Amino acid sequence: METLEPLLSEHPFIKGLDPKHIQLITGCASNVRFDAGQIIFREGEEADQFYVIRQGKVALQIYTPGRGSIIIDTLTDGDILGWSWLIPPYLWRFDAVATELTRAIALDGKCLRNKCEADHDLGFELLKRFASIVDSRLESTRIRLLDMYDSNGNK
Amino acid sequence: MIATEINKNLENKIAVEMIPEFFRILHVQRDTQDTFTLELEPPKSGFTFAPGQFNMLYHFGVGEVPISICGDPAINDKLTHTIRAVGTVTKSMQKMKKGEVLGVRGPFGSHWPVEELVGNDIVIVAGGIGLPPLRSSIYYILASREKYGKVVLLYGTRTPNDILYRKELEQWRARFDMEVHVTVDRAAADWKGNVGVVTTLIQRSHFDPFNTVAMIVGPEIMMRFTIQELQKRGVVPENIFISMERNMKCGIGFCGHCQCGSTFICKDGPVYPFKAIKDILVKREI
Numbered sequence: 001m002e003t004l005e006p007l008l009s010e011h012p013f014i015k016g017l018d019p020k021h022i023q024l025i026t027g028c029a030s031n032v033r034f035d036a037g038q039i040i041f042r043e044g045e046e047a048d049q050f051y052v053i054r055q056g057k058v059a060l061q062i063y064t065p066g067r068g069s070i071i072i073d074t075l076t077d078g079d080i081l082g083w084s085w086l087i088p089p090y091l092w093r094f095d096a097v098a099t100e101l102t103r104a105i106a107l108d109g110k111c112l113r114n115k116c117e118a119d120h121d122l123g124f125e126l127l128k129r130f131a132s133i134v135d136s137r138l139e140s141t142r143i144r145l146l147d148m149y150d151s152n153g154n155k
Numbered sequence: 156m157i158a159t160e161i162n163k164n165l166e167n168k169i170a171v172e173m174i175p176e177f178f179r180i181l182h183v184q185r186d187t188q189d190t191f192t193l194e195l196e197p198p199k200s201g202f203t204f205a206p207g208q209f210n211m212l213y214h215f216g217v218g219e220v221p222i223s224i225c226g227d228p229a230i231n232d233k234l235t236h237t238i239r240a241v242g243t244v245t246k247s248m249q250k251m252k253k254g255e256v257l258g259v260r261g262p263f264g265s266h267w268p269v270e271e272l273v274g275n276d277i278v279i280v281a282g283g284i285g286l287p288p289l290r291s292s293i294y295y296i297l298a299s300r301e302k303y304g305k306v307v308l309l310y311g312t313r314t315p316n317d318i319l320y321r322k323e324l325e326q327w328r329a330r331f332d333m334e335v336h337v338t339v340d341r342a343a344a345d346w347k348g349n350v351g352v353v354t355t356l357i358q359r360s361h362f363d364p365f366n367t368v369a370m371i372v373g374p375e376i377m378m379r380f381t382i383q384e385l386q387k388r389g390v391v392p393e394n395i396f397i398s399m400e401r402n403m404k405c406g407i408g409f410c411g412h413c414q415c416g417s418t419f420i421c422k423d424g425p426v427y428p429f430k431a432i433k434d435i436l437v438k439r440e441i
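Chains as they are written, first to last, in the working numbering: chain A, 1 to 155; chain B, 156 to 441.
Here chain B stands alone, though its shape is the one from the complex:
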């Protein structure tokens, strides 16, 4: 009897979480040659999420993809996603226009522990398309800026043409209470910024390593080297958080597509304390 009830509840939960809601596209922003941002209107107001969570976006007739939410968590009548056109679904989404409809399921997954970081220096390290999953946490921190110590954003990308949110980066850099460094892997001689891997920025940044929490998103190789550099500066593993990416499908830890060792990235992640995931991060078989 009890088992039947549990099964029924589970079935209901799965049914609810597997059915997409219709979100209308309010605005399409072309960020770079292969990256674009969609602003979506929820069918009913009050879409809430925590920084670091993701949604499953369904382009009807094409397919569904997991995309991090990158808007301001304080705004709940608009949902923002920055997407890189790399596969069939995202390339098709890139062609979508204002007024068209996407299916949305979510929000899913764990989030950056922004509430618990109060009083600490914050170092945010983003590589490539790793900046969008961190943007909502930047909004959150800046909304209560006085509660945190130093805030440092380090962002590395391929070339100057691949820099995302350029205007916002300039605005953040212009603030007196935030340190922003951007670097690219290569550039022509007219580029006045940094050239070099993002990890080189860690030694140049100003923060108290013994009172610092780091949040990192980027390719896994970049995250590994970033963690090494942070540890060289004295940041303890307990204070390092990363966001993992795998082939998420159901978003509720049911299908197993994103299973990584004993953890399901869609349900237990994508945000993990480094200590909890460090063995998996170096395991070649996974």
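If we strip away everything but chain A, and leave its shape as in the complex, we get:
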């Protein structure tokens, strides 16, 4: 039977992991598809998965009373969606909506958490990789906080 292992092992997030760890991760993986406009998860729901986006576009949104939903980030081909499954209380902090047909690999967070507890080498490798994603998203957020395109003489 064909598995998701070849697809996952070529993804930059997974590439370079020990083959036995890739096998473990594949055991928690499934293929998913979201139509345009479909809600992937909502703020406050249990964060029991994360996604490797293969193709498509996902908007991360936050709802603010009076202003409606504001998009705070968009993710696309190759991006990783979601790290709340790693951090207690394991609840999503934002809404995620597919803005176009999106195909992804879903990874069962609960299953992976247990495997990471049992195999700290796998846990450390995954945390290192998530730390790098968190770092680049934090940098992007910080740059946007500067509001560098405002009209106060900035370009």
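Honestly, the hints are just simulated from the structure, not real lab data. There's no promise every hint is true.
Derived, one-sided and incomplete: chain B residues facing chain A with beta-carbon distance under 7 Å [as the list claims (entries may be wrong)]:
id, residue
1, GLU194
2, GLY258
3, PRO262
4, GLY283
5, LEU297
6, THR312
7, ARG313
8, ALA344
9, ASN349
10, VAL350
All figures in this text were calculated on a predicted structure; none of them were measured in a lab. Glycine included, every Cβ here is placed at the ideal spot set by N, Cα and C.
Once you've looked at the hints, dock chain B against the given chain A.
Okay, now just chain B, sitting in the frame of chain A:
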């Protein structure tokens, strides 16, 4: 005797370059809430410029400002400037109408090395009002499209309402020989495009980093992070060009207003190879 002659020549050059010519406004386009485009008619045909150069625009009785030329360099009977209304002069210019007259001095400064980029992939990164200074180079490249490799335009701005040249961006995106990505810093849920800082688009774009020349214009902080991302992808510093902005006044490196270290932005710039300006770019005292 020789010194006197040199001084006289210098005086003549300064006199010629400091006197504005009268250009009539042919058309005013309101691009966004605070940005507008003026099409100007030169007093005599044949106004030539190179992509990346700028003019000093004089609103008589109000003041003079440096503005990049953003029209097609192949068209020399019309001069185009996109201006953001941020200060006294530009806010006053925003109220000008067709038929009124502006003073123009220029073109001044260095230009994008578009002729030397033949054979390379081109990555153009614009932030906010940084798109107009790059538009003439896009026209130039597209006019000889077959001479270049991949052409990628990455444009970041504040919100969907701040997107400049929307129609043109759509036309460029519809071409099969150009990759165009637009992103905004924030948007409402009905926005179908990208949200995020412009640097995130670099990893998503398709170009050969070892055969790529990048041209960047935007706020200096945006240019710094863009350069870092390009270098992460493998683009060498020698192939990165940026356009600097300072308080240009005379346009001929005479008054010193735009001096930045040992360089005068109006005369030696505004377009620089990154390698030539990188120490200045991170110097806090300048």
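For each hint, the structure was consulted:
A hinted interface residue such as B:GLU194 counts as satisfied when its beta carbon comes closer than 7 Å to some beta carbon of chain A; here the least separation is about 22 Å, so the hint is violated. Taking 7 Å as the C-beta contact cut-off toward chain A, the hint placing B:GLY258 at the interface is violated, the least distance being around 23 Å. Residue-level restraint check for B:PRO262 is violated (minimum Cβ-Cβ distance to chain A is 19 Å; threshold 7 Å). Hint on B:GLY283 holds. Least Cβ distance to chain A is approximately 3 Å, under the 7 Å limit.
The beta carbon of B:LEU297 is not positioned within 7 Å of any beta carbon in chain A (closest approach about 23 Å), and the interface hint is therefore violated. Taking 7 Å as the C-beta cut-off, the interface hint given for B:THR312 holds, the closest approach to chain A being about 6 Å. A distance limit of 7 Å between C-beta atoms decides the matter here; for B:ARG313 the minimum to chain A is near 4 Å, and the interface restraint holds. The beta carbon of B:ALA344 comes within 4 Å of a beta carbon in chain A, closer than 7 Å, and the hint placing it at the interface holds.
Checking B:ASN349 against chain A: minimum C-beta separation of about 5 Å stays under 7 Å; hint holds. The closest approach between the C-beta of B:VAL350 and any C-beta of chain A is roughly 4 Å, which is under the 7 Å cut-off, so the hint is satisfied.
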